[in-house]
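Protein sequence lines correspond, in order, to chains B and U.
Each residue of the first sequence is one higher than the one before, counting from 1047 in my numbering.
Each residue of the second sequence is one higher than the one before, counting from 1047 in my numbering.
Be careful, since some hints might not be right.
Given that identical chains are not distinguished, each listed pair holds provided it fits within a single copy or across any two copies.
List of simulated lysine-lysine pairs, BS3-like, C-alpha gap at most 30 Å [unchecked claim]:
1. Lys1361 x Lys1434
2. Lys1454 x Lys1100
3. Lys1175 x Lys1378
4. Lys1108 x Lys1378
5. Lys1378 x Lys1313
6. Lys1454 x Lys1226
7. Lys1081 x Lys1361
8. Lys1108 x Lys1488
9. Lys1488 x Lys1438
10. Lys1108 x Lys1491
11. Lys1434 x Lys1378
12. Lys1226 x Lys1474
13. Lys1438 x Lys1100
14. Lys1332 x Lys1488
Keep in mind that the hints were calculated from the coordinates and are not lab data.
Protein chains: 2
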Amino acid sequence: MNFNSVTEDHLRDLRSMVEPDRFSTGESNLELHSKDESQHLPVRPEVVMWPTDKREVSEILKYANQHMLPVTGWGAGTSLEGNPIPVRGGIVLDFSRMNRIVQVREQDFQADVEPGVVYRDLNKNLRHKGLFFPPDPGASATIGGMIANNASGIRTVRYGSTRANVLRLTVVRANGEIVKIGCRASKTSSGYDLKNIFVGSEGTLGIVVEATVRLRGLPEEFLTAMATFPSVKAAGNAVFEIMRSGLDPASMELLAPECIEIINKEKALGLQVAPTIFMEFHGPSKNQLTETIQMAHDISDDMGCHDFRPGIGIKERNEFVSARYDLAEMLKRNHPGRSHMVIDVAVPISAYPEMIAFASEESQKAGIPGYTFSHAGDGNLHQVFMGKIGDKKEWVLIDQINERIVSKALAMDGTATGEHGVGIGKRKFMQAEHGDSLVLMKNIKNMLDPNGILNPDKMF
Amino acid sequence: MNFNSVTEDHLRDLRSMVEPDRFSTGESNLELHSKDESQHLPVRPEVVMWPTDKREVSEILKYANQHMLPVTGWGAGTSLEGNPIPVRGGIVLDFSRMNRIVQVREQDFQADVEPGVVYRDLNKNLRHKGLFFPPDPGASATIGGMIANNASGIRTVRYGSTRANVLRLTVVRANGEIVKIGCRASKTSSGYDLKNIFVGSEGTLGIVVEATVRLRGLPEEFLTAMATFPSVKAAGNAVFEIMRSGLDPASMELLAPECIEIINKEKALGLQVAPTIFMEFHGPSKNQLTETIQMAHDISDDMGCHDFRPGIGIKERNEFVSARYDLAEMLKRNHPGRSHMVIDVAVPISAYPEMIAFASEESQKAGIPGYTFSHAGDGNLHQVFMGKIGDKKEWVLIDQINERIVSKALAMDGTATGEHGVGIGKRKFMQAEHGDSLVLMKNIKNMLDPNGILNPDKMF
């Protein structure tokens, strides 16, 4: 696509669409919106705007579409594949001021929210109502960003990804048209499923300006356990057997020994340095969960577990979960002069032990610090590499490992990205993953955004 | 669209594509494929073919597309909105001989199946492996039909609709192209969600020739209970509170007194004639479920339940479930000279007591025998009317009630069809339900099936 550069005339027109403090061409704002948390090269937009209402979004998009200016939505900038980097310049729409919780429909387990709401703030707001929005990607993501990426995380194994927890969307199309999609019934067989085309489309098909999300009752009780195993393979087998048992874990995380080492160092949790499963169960009573944990214990023992620590307290649990979330930051602290790249693939659960062994081996062979951890219950593997900043050779090597890990996942009927999205980083694998159906995806893009102004050069 | 009638030349060409016993223009076969289980007028196809393999389907579709002949897929003919009636004639593809369970991937909780597999046969096959395919629409549906309709049923409240239990599809497009869609990882953020456009599209966008479905571990234990309430409203409130409690029921069905009366008459279960909730819980141990049932009992009591029968045995449970499934047949037996029409809407759970009261009132006012029952945990209401066969006036009245019930559901942010699909019967509500997004649906139809040969005159 041939886009136009943003001219003074464009700026004048765009400036008239929002209040003065919600429009910026200042260096620091352009810089702030030039990169996410990935290794992909920063590219500055030409102007940043902060809409507060869907009509503003509509007006801006209509104008941009007429004038062939690229438009990229911006949530919190926490994505990991370059998803919101405005690689063709143009306009960034930052949704941080469009962050109202419009309505909590307690009696329906639903909330209507704007895209700029940070999911942690939503859950803080919901806590006293005994409800929560389950997808939990860890990072301080916005709901808009989570929808764009179909984000998921440690609770997906029980509660599903963002897709499963969104019922209705209001979307502004590339031409400025405002469209409502979906309904508030918890199930429907009416018409084509447009909602799920927009969820996970990374802002390339339309801009979500409101969402009705599905909430769950906060579990009355939860219990956690940590289990250590002699090998990653044994741990993988335990994951499979626990999944099969119907114990319905709310989290099922696997950390390789090198991750435990770092967590011990930073948090002094005194964990045994070995492949470790962190599991959490939600339920209506302590009694039930105690029995559940006992069953998980028995299964783990059968799989060779040599240490099972059940019933860790809320404090220890929260420390562990935050350690799990802060792993990337910890790794940076422990590897000065190095930066991280997170590899994200998912495979069918039976392929998961082999996948995890393959990733570990690759990092050992390369001699680059590598850390394996995963949402094991979903077969979703992350491998973090700590590459020397500025060492081009090392980053080329990491990129090659990424390719091998993704190819391995695809060969096992898996996916190039379990939860981080395509963005820039996974574009090159789309043909291999989707084959002929990639053409259908491109047709959908052309149908919904014929000028290609929405987050251009992503996805394909 | 202007379709061609099937000529002798066409028949000669089509006949060459399959073995002789898998091709028919015989009266009885045309008649058998002219109607489903709805009240919609039968229309005969011009030819019925029984493909056994995706290449045959591809060849037939390519030919039909070139010659402008309508093609309608056929599962078991059990749908309730006229979905598979070949209203423009042409070719019916009956998938009953394409019914292989290609592979059960026990270790992945997955099975690859052909569209003609009857889901009960699949579950029979899976039982000894300790697995099952959870969507359970009641009727003897095929997997292909379930995918076409995004079917759901009494277990959807816990396990999701068909959509949530399909991972990967092989689809033959209108032009004959064979496309694989989706992957076998349990989650993905890769590309646009094409899979869910095809699920629920009622064979109007492509023909599914293979599916990888998600299986679950058969619950170690299950317990059921029946609770009777002084009013439908009280029962509705109990449903809401049980859903909120996190007890995670596997079924939550509500039957109005008139349904209980019929079941008592036919099955001699001796149930109290009152609004009744049938609930089922799945879990890993009897202990846990006993406690769960006790909690459900306490909640029910708080809501005014006057009889709670926990722990009914497997025999009684199966009898009740089969009674629930056979209700339509029972109603026909109990109303000689009358035939049924099933109204299907879904609303947000808080609107459900009002919805159910509205539907009951409508049937009382009309003086036509009406029966209210529902997948209450999903806010999915069914109202069965028994209309006099041949009494046009009465059927016009039933149609008007249908319109009022659907309009009421839409006014409460619900959907015109919770699980029966659009077919013929719900087309007239699509504009009201989907508004501007209906145009996007039509664009998708035109993009994927430009000649409109796939199940024409449905959905829109």
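Outcome of the hint check:
1. Lys1361 x Lys1434: neither (35 Å within a copy, 67 Å between copies)
2. Lys1454 x Lys1100: between (43 Å within a copy, 28 Å between copies)
3. Lys1175 x Lys1378: neither (38 Å within a copy, 46 Å between copies)
4. Lys1108 x Lys1378: neither (42 Å within a copy, 57 Å between copies)
5. Lys1378 x Lys1313: Intra 15 Å, inter 69 Å, cutoff 30 Å: intra-copy only.
6. Lys1454 x Lys1226: Between copies only: 19 Å across, 40 Å inside.
7. Lys1081 x Lys1361: neither (34 Å within a copy, 62 Å between copies)
8. Lys1108 x Lys1488: Both: 22 Å inside a chain and 22 Å across chains, each within 30 Å.
9. Lys1488 x Lys1438: The answer is neither: 33 Å in one copy and 49 Å across copies each exceed 30 Å.
10. Lys1108 x Lys1491: both (17 Å within a copy, 25 Å between copies)
11. Lys1434 x Lys1378: For Lys1434 and Lys1378, only the intra-copy Cα distance (11 Å) is at most 30 Å; the inter-copy one is 76 Å.
12. Lys1226 x Lys1474: Result: close only across copies, 19 Å inter versus 33 Å intra.
13. Lys1438 x Lys1100: Close neither inside one copy (43 Å) nor across copies (48 Å); limit 30 Å.
14. Lys1332 x Lys1488: The answer is neither: 50 Å in one copy and 51 Å across copies each exceed 30 Å.
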